[in-house]
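Participant: What follows is the residue order along each chain.
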Amino acid sequence: MTTLLAGLSVVLLGGLAAVILARWPRWAASVHRIATGAGALVALVSPLKVLGGAHLPTLTLPTNVPGGAWTFGLDALSAWFLIPVLLAGTAAAIFGTSYLAGQEEEGSVPRAHLGMAVLLVALGLVLTAQATLAFLASWEVMALAGYFLVVFEDRRPEVRRAGMVYLIATHAGTLLLVVVFGLWGNRAFDLSFASLAHAAPALGSLHAVLLTLGLLGFGLKAGFVPLHFWLPEAHAAAPSHVSAIMSGVVIKTGIYGVLRLLVLLGAPPPWWSFGVLLLGVCSGVLGVLWALAQHDLKRLLAYHSVENIGIILLGLGAGALGLSYRSPLLAVLGFLGAVLHVLNHALFKSLLFLQAGSVLRATGSRELEHLGGLGRRMPLTWLGFVVGSAAIVGLPPLNGFVSEWVVFQALFSAGSSRTPASLALFGAAALGLVGGLALACFAKVCGSVFLGHPRTPAALAAREVGPGFWGPAAVLAAACLVVGVMPWLAIGPAVRVAGQLAGVPWARAAALTRPARDAAQQIALLAALLAGTVAVLAMARTWALRRAGAVATSETWACGYPRTSARMQYSASSFAAPLVALFGPLAGVVVHRRADGFATHPVNLALERILVPLWEATQRASARIRPIQHGRLQLYLLYIVATVALLLFYLAASGGKP
Amino acid sequence: MTSWLCFGLALVLAPLLPGVAQRTKSWLTGRRGPPVLQLYWDLARLWRKGAVFSSVAGASFRLGPVVFAASGVAAAMLLPFANNPALIRFPGDFVAFAGVLALGRFALVLAALDTGSSFEGMGASREAAFGSLSEPVLVLCFAALALASQELSLSGMLGPALPSWWAAGPALAMVGAGVFLVTLAETGRVPVDDPATHLELTMIHEVMVLDHSGPDFALIHYAAALKLTLLGTLLAGVLVPAGQAAAVVRIAGWLGGLLALAVAIGVVESVMARLRLARVPQLLTSAAVLPGFAIILLLSRAA
Amino acid sequence: MTPAGSLLLIAVVLTDFAVLATSRLSTGIRTIGLQGLLLAALPVALHPAWSLHTAALAVGTALVKAGILPRFLNWAIREANVRREMEPLIGYGASVLLGAAAVGVAFVVAPALPLPDGRGSLLVAAALANVLAGLLVLTTRRKALTQVVGYLMLENGVFVFGLTQTEQVPFLLELGVLLDVFVGVFIMGIVVFHINREFDSISSARLEELKDI
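Residue numbers (this note's numbering), protein chains in the order written: chain A, 1 to 658; chain B, 659 to 961; chain C, 962 to 1174.
Please keep in mind that the hints were generated in silico from the structure rather than gathered at the bench. Yeah, the Cβ is synthetic: ideal placement off N, Cα and C, and Gly gets one too. Treat the hints with care, since some could be wrong.
Said to hold, decoys possible - Covered stretches of chain A (chain B as the covering partner; in silico rule of three or more C-beta atoms under 8 Å from a C-beta of chain B):
(1) 249-256
(2) 413-421
(3) 430-444
(4) 571-578
Stated by the list, open to error - With beta-carbon atoms standing in for the labels, derived distance ranges:
(5) Glu555(A) x Pro821(B): 42 to 50 Å
(6) Arg563(A) x Leu935(B): 22 to 30 Å
(7) Trp662(B) x Gln521(A): 15 to 23 Å
(8) Ile1051(C) x His592(A): 55 to 63 Å
(9) Gly204(A) x Gly1052(C): 43 to 51 Å
(10) Pro1072(C) x Thr660(B): 55 to 63 Å
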């Protein structure tokens, strides 16, 4: 624990030094970079020890404020979530020193470095706090540091608006958390997590209320549908390295909160678990559909965060079902998938945002329709982006595949569980759909940004970025590959976390996940064979071409039309058109079809269709009762169907005793 | 040993299936048609030829076909042929099977987009769209099989643990129908795509590989045939009850199943027209309902 | 439940999906006819012991549901020059998915329903699925004729439901067949009153105009 705090202090001191050295921006950046890197390396020791099975002593600060002493400690769950903070967060911070160098907001750059350092430290404290007040205080520091980083480019009005929406959302979440801990603390000795957990079995009906309110409160941070309304705007408005840490790491604290709540409160009721599963399905499918309709690179990536939170919730829901129906296997597998995806998403999403930042710096644009052909001009950035894309789509042999594989197994074993949990099997179909749609979406992004002709002079003039840009990205890409090819490195420690969440001893969890851990070696074998086949076929192809000798270069074949231009390429919107046309009504996508262009825009349904109208609707509530009498035969019949279905459910639920 | 033999057989015999389908089609429409071995000659000819590369295309264009073919080979290693255990098998390997096939699709789509051609972009867009819809169907089929056999690996699902036709006939039939429709969609066959069309605007798979030539084109053709063989093997595994029979019998059953699939594709292509593109999602939705209903049946029986 | 019986019931549910998926009126009517034929075979498959009663019931059902009614509907199409499309209010894909959800609900609810009979919940589930799919067709299809198709599906569900009760109430099924007479009256009424008009003009959507403002 002290090693961790020492490391975090170094990070914080580096940030402070950056502000002090503000007059020499290069020095400030270097100090911040070195301090963050070194501090994170030192801090990484403690969580790795805990995940290896060690028990570290907790740190208690005696205080006079009510609510008991402030305790900080590391268990497996905290340690696991610290890994992405220290890996992806540090990579993003180091990338930021290059990314912000020479910006118009020159004066505020060192303050941004300090904000980053504060954010990293606050993340570390949120994840280790074991008392409510310490937790909420760190939570608030984290939220505010995030806010100041998001509004870094506050000259632009849309940035200010995005920041404001973010601020309101995060405080609404905090308010809910205050309610949760307040209600709970009433029944407990004090507000430390230990006494809260002690009070949990006697909560009665409050148990479910706390779980639900907590899910909503933490959900506002995690950003699942329909609480995601602030997320795409805030993540797109922030500087790219901030987007990387917000999307990759900060939203995971919401997931951490839900998991912590489960650990403290114990097994949830089945309807709560099914609800989480349903939220996962909605977030996954809708998130990727919104991303498909998007043609702003960073906003698209932000919507993919909604999708990936959905995948995490699918695993979490399966695990919670395992708790509800007392099936340790299901619980362990589900939570294993969820926490693995937390790590993997942090790695590949940060990587993708960093690459988007490089593209933005090189071309000045993040509009898909204005890019193109960057693969030849920025080969390293392209390589990093394609690795991240393959990982987020869940293709072997990268890390995204590993966690989706575990989530699939969890859903399938739920199917064979011979309990009502078996309905979770249909979540697997949703996961398959999400994977397929994500593939289409990233094919669109890769194609329109990196392949084909450059669509604008800016894209034509793009040059590869420097090592300060691709260095941190390379580390993340390597991590994606390592986890994908050697999954046991991640699965081994993750089993410890899953065991803690499922409430089974480590040995039992290890025994239950034995098949998955053995399979990890088969995955490595598959990756090796795949790479070998690619190499052999590539060599054979080169050899065949050399022997034939007749290799020519020519224009792209356009079915006889001789004068093709960059404007004739398939645009990103057109690429996604078949799927948008199909799912548009479901996801609320607005299509603009004019003679000179075709574009699609997702509507921020939760904000524009729910929150704003909800306000207006409450004012006109009385006037809105009448439209029930719509006069449509189909509608009346629908009422009958709904009533019949409700009655059937009532009969089924009451077991025939009305 | 038998697993290796079957793996080799699948790789060698793959180009035969499109030939059989074509021959059936020709025969049913009163023509003689090309020889059954035509694809082998085509592949040999393409492999010996040179190639023309677009000045726009880069490494993605050149690597695409290689990865596509390699993904087919890797998927073949994950599949149990003729009820023999697969070369690589582990719980949840069906995810890897679908993932490896998706990797091939991703590589081919990127290769198509690398040319900057609007035609190829169009083909790639359709391939990605329909591929994303056939993925959940495939997952639902695997889910039904997993439920019926209580196994989590392909070798287990299609092995002796799969219940007999007598015990779970309707469910198996619906899963089989689902796999068949996925096969048609994924391998670019009527009614989703027409391999024999001449109009670029109506093509999916063929227009996506418009710019490839020489050995690259040979790799794509081979890998497409291999994909058909793999999905056909899956179908045969579901529909041909082999159980504990001798290895020779099982291999004969598997090859017979593949042959029947090729003939069935030929029949479908001669009696049906292509669907309008807007109707393809509807076909795939219906395809999803079949294994979905199978799952409901299996679940209600288990409960 | 005999294997043949469960096979028939599954086929009945599959025909529901076919009606939901098809865009052509004639295919829908043909499918409904097929469903009638399957239903006619059901009592025979469920009661392997032959009796004059079941045989007569099977023949009668086949005659009415697979013979007379489809012909009658086709005649109505010809007679009133109806366009050959289903004209759904929601897409076909969505219809099929909703239908699948309805079937799922039916299969989840059926085993828990308090019925005196222990003859297997598949029968109840299939009946409920049919009723719900019929209601779905009723609510999502615009034309009067498609509403008849939906009503027929609903009524077939009631028929299957009646099969669970044949031991207690032997005449329930005959009563069920009588319901078909009502379908006939339904069609006759429409045809007689609008014999020279298109069915579109009596689209039930127009009833909306009746509401008071």
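Participant: Give a verdict on every hint.
Facilitator: Taking the hints in turn, this is what the structure says about them:
1. With 0 residues having a Cβ less than 8 Å from any Cβ of chain B, the region 249-256 of chain A misses the three-residue criterion, and the hint is violated.
2. Chain B is given as covering the region 413-421 of chain A, and this holds because 4 residues of the stretch bring a CB closer than 8 Å to a CB of that chain, at least three being needed.
3. Coverage of a stretch by a chain is defined here by at least three residues with a beta carbon nearer than 8 Å to that chain's beta carbons; for the region 430-444 of chain A and chain B the count is 12, and the condition holds.
4. Counting residues of the region 571-578 of chain A whose beta-carbon sits less than 8 Å from any beta-carbon of chain B gives 5, enough to reach three: the coverage restraint holds.
5. For Glu555(A) and Pro821(B), the Cβ-Cβ distance of about 57 Å falls outside the hinted range of 42 to 50 Å, so the restraint is violated.
6. With their beta carbons about 28 Å apart, Arg563(A) and Leu935(B) fall inside the hinted range of 22 to 30 Å.
7. Here the CB-CB span from Trp662(B) to Gln521(A) is close to 20 Å, well matched to the stated 15 to 23 Å.
8. At about 24 Å, the CB distance of Ile1051(C) to His592(A) disagrees with the hint of 55 to 63 Å.
9. The given range of 43 to 51 Å is respected by Gly204(A) and Gly1052(C), whose C-beta atoms sit roughly 47 Å from each other.
10. Checking the proposed 55 to 63 Å range against Pro1072(C) and Thr660(B) shows it is violated: the Cβ atoms sit about 43 Å from each other.
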